[in-house]
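Enquirer: Protein chains in written order, with the numbering used here: chain A, 1 to 226; chain B, 1001 to 1261; chain C, 2001 to 2221.
Because the hints were derived from the structure by calculation, they are not lab data.
Please note that a few of the clues may not be correct.
[Unchecked claim] Have a look at the derived ranges for each label pair, beta carbon to beta carbon:
#1 B:Ala1081 with C:Thr2058: 53 to 63 Å
#2 C:Phe2041 with B:Asp1016: 34 to 44 Å
#3 A:Gln115 with C:Ala2201: 48 to 58 Å
#4 A:Arg92 with C:Pro2205: 49 to 59 Å
[What the hints assert, rightly or not] Derived contacts from chain A toward chain B, CB cut-off under 10 Å, selection only:
#5 Ala127
#6 Ile128
#7 Pro142
#8 Ala205
[Claimed, not checked] Here are the simulated PhoX-like cross-link-like pairs (lysine-lysine), alpha carbons at most 25 Å apart as the crow flies:
#9 B:Lys1021 with A:Lys161
#10 A:Lys161 with A:Lys126
#11 B:Lys1066 with A:Lys146
#12 B:Lys1066 with B:Lys1239
#13 B:Lys1134 with B:Lys1118
#14 A:Lys26 with A:Lys161
#15 A:Lys126 with A:Lys26
#16 B:Lys1029 with B:Lys1140
#17 C:Lys2119 with A:Lys215
#18 B:Lys1239 with A:Lys126
#19 B:Lys1029 with B:Lys1066
#20 B:Lys1134 with B:Lys1066
Computed from a predicted structure; not experimentally measured.
In this text, a Cβ means the ideal position worked out from N, Cα and C, and glycines have one as well.
Here are the chains, one letter per residue:
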Amino acid sequence: MSYAWDFAIVFRDFDLLLLGLSNTLKVTALALLFGVPLGLALALGRLYGNWMVRLPVGFVIEFLRTTPPIAQLFWFFFALPMLLGVEIDPFRASVLTFSLQSSAFFAEVFRGGIQSIDAGQWEASKAIGMDRRQTLRRIILPQAVKRMIPAFMERAIELMKTTTLVGTISYADLLYQANSIAQSSYRIIEVFTVAAAMYFVVIFACSLAVRRLEKRLARSGETLMH
Amino acid sequence: MSEVLRVENLRKSFNDLEVLKGIDLTVAKGEVVVLLGASGSGKSTMLRCVNFMEIPTSGRVFLDGKAVGEERGGRIDYREAQLTALRTRVGMVFQHFNLFPHMTALENVMEGPRTVLKCDAAECRRRGETYLEKVGLGWKADAYPAQLSGGQQQRVAIARALAMEPEIMLFDEATSALDPELVGEVLETMRELAEEGMTMLIVTHELGFAYAVADRVLFLSQGTILEQGRPEEVLIRPKEEGTRNFLRGHGTFRLPEPQLD
Amino acid sequence: MDYVWDFASVLANRNLLLIGLKNTLILGSICLALGLFLGLFVGAARFSGRAWLYYPATVFVEIFRNTPVLVQIMWFFFAFPILVPFRIDAFTAATLGLALNTTAFSSEIYRAGLQSIPKGQWEAGKAIGMSYWQQMRRVILPQAVRRMLPAFMNRAVEVFKMTSLASVIAYGELMYQAKMVSTIFFNPIEMYTSVALIFFAVLFPATILVRYFETGRKAGR
Chain A
1 MSYAWDFAIV FRDFDLLLLG LSNTLKVTAL ALLFGVPLGL ALALGRLYGN
51 WMVRLPVGFV IEFLRTTPPI AQLFWFFFAL PMLLGVEIDP FRASVLTFSL
101 QSSAFFAEVF RGGIQSIDAG QWEASKAIGM DRRQTLRRII LPQAVKRMIP
151 AFMERAIELM KTTTLVGTIS YADLLYQANS IAQSSYRIIE VFTVAAAMYF
201 VVIFACSLAV RRLEKRLARS GETLMH
Chain B
1001 MSEVLRVENL RKSFNDLEVL KGIDLTVAKG EVVVLLGASG SGKSTMLRCV
1051 NFMEIPTSGR VFLDGKAVGE ERGGRIDYRE AQLTALRTRV GMVFQHFNLF
1101 PHMTALENVM EGPRTVLKCD AAECRRRGET YLEKVGLGWK ADAYPAQLSG
1151 GQQQRVAIAR ALAMEPEIML FDEATSALDP ELVGEVLETM RELAEEGMTM
1201 LIVTHELGFA YAVADRVLFL SQGTILEQGR PEEVLIRPKE EGTRNFLRGH
1251 GTFRLPEPQL D
Chain C
2001 MDYVWDFASV LANRNLLLIG LKNTLILGSI CLALGLFLGL FVGAARFSGR
2051 AWLYYPATVF VEIFRNTPVL VQIMWFFFAF PILVPFRIDA FTAATLGLAL
2101 NTTAFSSEIY RAGLQSIPKG QWEAGKAIGM SYWQQMRRVI LPQAVRRMLP
2151 AFMNRAVEVF KMTSLASVIA YGELMYQAKM VSTIFFNPIE MYTSVALIFF
2201 AVLFPATILV RYFETGRKAG R
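Chain A with its partners taken away, still in its complex shape:
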C-alpha cells in the first residue's frame, strides 16, 4: 500500500472529535430521559386504556417503530417547523425525534415485561382489594423492571448508534465533526477510522457491561428473554 498514514491531524483536532462525542452522548442521554417515561405511558395506554386510547397509541408505537429514524428526524426538523410556524434548532429536533423514536421501542419492552409477570400476582393483589393502579405500582412494575433491565440497556445502546444521524441536520456529533475534519484536512482514512474506533470503544464497553449484567441477573433467575 503506497498510502502514507498520518495520524498527526487527528491528534491535533482530537478535542473537536471529543466535543462531537460528548454531543452524541448528550442527545442520547436526553432522549433516554424523555423516552423511557414516555414509553411507560404508551405501554400502559396500550395495555389498559379503553379502545379509544389503545388504537391510537398502538398505531403511534407501530408507526414510530417501522419508519426509518432519518425520515423521522427530517420530518421533525424540516416539516414540523413549517407546520407550526416555529423555528427549531438541530439539537432540539434531535432530542425530540429520538425521545419519540426510543419511546416506541421502550413501550414494547415495558409491555413484554409487564405481561411476563405471572397471573397469580394479579390474583393475589386483587384478592386483598387492590385496584389496577395499586397493583401495577406496588406489585407488577417493581418485578417487571428488574427483569427488563438488560433489554433496556440494549435499547439504550441501540439508541446511541441511532443518534449518529444527527449530523445530517448539521448537529455537531462525532460523525459530523469527523466528516468536516476529514474534508478539510484530506486525512480521510485516519479521521474516519479514529472516529469509528471511538464509537466502537464507547459502545463496546457499554455492551460488555450489559452482557456481564445479564449473566449476573440470569444467575439469580431474573432475566426476561426478549
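Guided by the hints, dock chains B and C onto chain A, whose structure is given.
Expert: Leaving out everything else, chains B and C in the frame of chain A:
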C-alpha cells in the same frame, strides 16, 4: 347465629359451558364449611365467585345480609369499586400462594393494610407482626419468599389475608401444591383459625381435615350441591351415590394408623 | 394549524418517488440476501468454537455490531476507496456497509439458532456417516430455521429501514428522492410525510407477519 355469607341460585358459565348450575349456600358467623367434589365439579369456581374473582352469570351474593351489585332490568350490575371494597372484607388463600417475591414476609403481610386500607405506619407494623406471629413465622419476618419452604410460604399467605381482618376466609385448595410433609403445618394453622372462631369456606381434598374441623361439608357434583350435612353424615354415612363413588375413589389405598410416638 | 397541505406536488413527482422506492427495494434486498447468506458462515464459525475460526469471526461481528451503520457506510464511501485501486460509487459503498452489518447481526441469529438444537441431532447425523455440511443442510438447519424466522424477519425490517441512510451519500433511494424534490418544490411536509407513510405501508405487514409467526411458534411447542 348471624349470617356472614349467603349465595342464592348462583350460576356461572364459561362461554357455552355451565359450571355452576344454581348453588344456594348460607354460611353463619364462625362456621367452617368445606366444599368437596371431583375436578370440574365447580368448587373452585364457586369460591372465586364469592369474592368476585369470577363474576357470576346469574344469582345473588349477600355479604353480611347486604346484596352485592345492583339489579337493573333483569341483570345485575357490578361496579368495580364496590367489588374492590368487598375484597377487603373477604380473605383468599390460593393454591400457589402467590406471595410477592420482591417483598419480605413481613412486607407481604403489611402490604394490604398499607396500600389498600391506608393504615398508618404503626398500625401496619402491628398488624404485620401480629398476624405473622399468629401463623408461627414471626422469626422469618425479614426472609424473602424464595428463602421459605412451601409450607412457610402458604402460612405467610394466610397471614397476608388475615392482616386485612376479613369477615370470612376462603381457602382454594390451600395444600394441594405442597409436598406432603409440609401439608400438616398449614392444616394445623387453619385448624387454629377455625377454633378461634373465624368464618371459613374451604375447598380441599384433605378429607381427614374436613372430618376433624368442619362444621358442615358440602359435596359438589357437576355444578350442583349433591349432598350436605355434618361431616359424620356426609363423609362416613353418605346418602347419595355420587358421594359414595367419590369417597370410594379417595379411599382406594388407605394407610393404617402409623406408630409415630 | 393554518398550513395548507398540498399533496398534489407529491403526486406530480410520483415517478421520482417510485424510482426511489425501487432503489430502496433493490438495495435492501441485495444487502439482506448477502447478509443472510454470509451470516450463516460467520455464525457457524463462531458456533464451532475452533479458535482459528472463532476469533476472526468474533472480531468482525463485534466491530460491525458496536459501530453505527452510518459510520460504516461513510467509512466505505470516503475512506475505503483510498485503500483500493478502483472507484467506489454510492451504491457499492452502501451495499458494503449494509451487507456486512447485516452479516454480523445475522450471524448472531444463526449462532443462537444452532445452539438451540440439541447435540443429539448432530450425533444422529454423524452416526450415519454425514459430513459436517450434510448434517447442517439436512438435519440442523431445517429445524433451526423455523425458530430463527421471526428474528430474520425483524432483521429484514431493520435492513429496509437502514437503506434510508444511503441517502446521506447520495444514493438515489426513497429518502434521497424526497430530499431532492423537497428542496426544489419547498414541500418538505408532504414529501417526508409521504416517505414515512410509504415505509410504514411496506414494512408494517412484515411486522404483523413476525407477530403471527412468533405466536404460532409458541403454540406449536
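Enquirer: Now tell me if each hint is right for this structure.
Expert: Results for each hint:
At about 58 Å, the CB distance of B:Ala1081 to C:Thr2058 agrees with the hint of 53 to 63 Å. The given range of 34 to 44 Å is broken by C:Phe2041 and B:Asp1016, whose C-beta atoms sit roughly 55 Å from each other. In this structure, A:Gln115 and C:Ala2201 break the distance hint of 48 to 58 Å, their C-beta atoms being roughly 28 Å apart. Roughly 34 Å separates the CB atoms of A:Arg92 and C:Pro2205, a value that falls outside the hinted 49 to 59 Å.
For A:Ala127, the interface hint holds, the least distance from its beta-carbon to any beta-carbon of chain B being 4 Å, beneath 10 Å. Given hint, A:Ile128 at the interface with chain B, holds; its Cβ is 4 Å from that chain's nearest Cβ, closer than 10 Å. Interface restraint check: A:Pro142 against chain B, minimum CB-CB distance 5 Å, threshold 10 Å, status holds. The interface hint given for A:Ala205 is violated, since its Cβ lies 30 Å from the closest Cβ of chain B, which is over the 10 Å cut-off.
With a C-alpha separation of about 61 Å, the suggested pairing of B:Lys1021 with A:Lys161 is violated against the 25 Å cut-off. Under the criterion of a C-alpha separation no larger than 25 Å, the hint pairing A:Lys161 with A:Lys126 is inconsistent with the structure, at around 42 Å. Simply put, B:Lys1066 and A:Lys146 have alpha-carbon atoms about 43 Å apart, too far for the 25 Å limit, and the pair is violated. Under the criterion of a C-alpha separation no larger than 25 Å, the hint pairing B:Lys1066 with B:Lys1239 is inconsistent with the structure, at around 34 Å.
For a cut-off of 25 Å, the pair hint linking B:Lys1134 to B:Lys1118 stands: about 22 Å separates their Cα positions. The hinted pair formed by A:Lys26 and A:Lys161 meets the criterion: a straight-line CA distance of about 13 Å does not exceed 25 Å. Straight-line distance between C-alpha atoms of A:Lys126 and A:Lys26 comes to about 43 Å, which puts the hinted pair past the 25 Å bound. For the given pair, B:Lys1029 sits about 32 Å from B:Lys1140 by alpha-carbon distance, which is inconsistent with the 25 Å threshold.
Distance restraint check for C:Lys2119 and A:Lys215: the Cα-Cα separation of roughly 23 Å lies within the 25 Å cut-off, and the hinted pair is therefore satisfied. Among the hinted pairs, B:Lys1239 with A:Lys126 is inconsistent with the structure: their alpha-carbon atoms are about 39 Å apart, more than 25 Å. A C-alpha spacing of about 15 Å is found between B:Lys1029 and B:Lys1066, which places the hinted pair at or below 25 Å, so the restraint holds. For the proposed pair B:Lys1134 and B:Lys1066, the alpha carbon gap of about 31 Å is over 25 Å, so the pair is violated.
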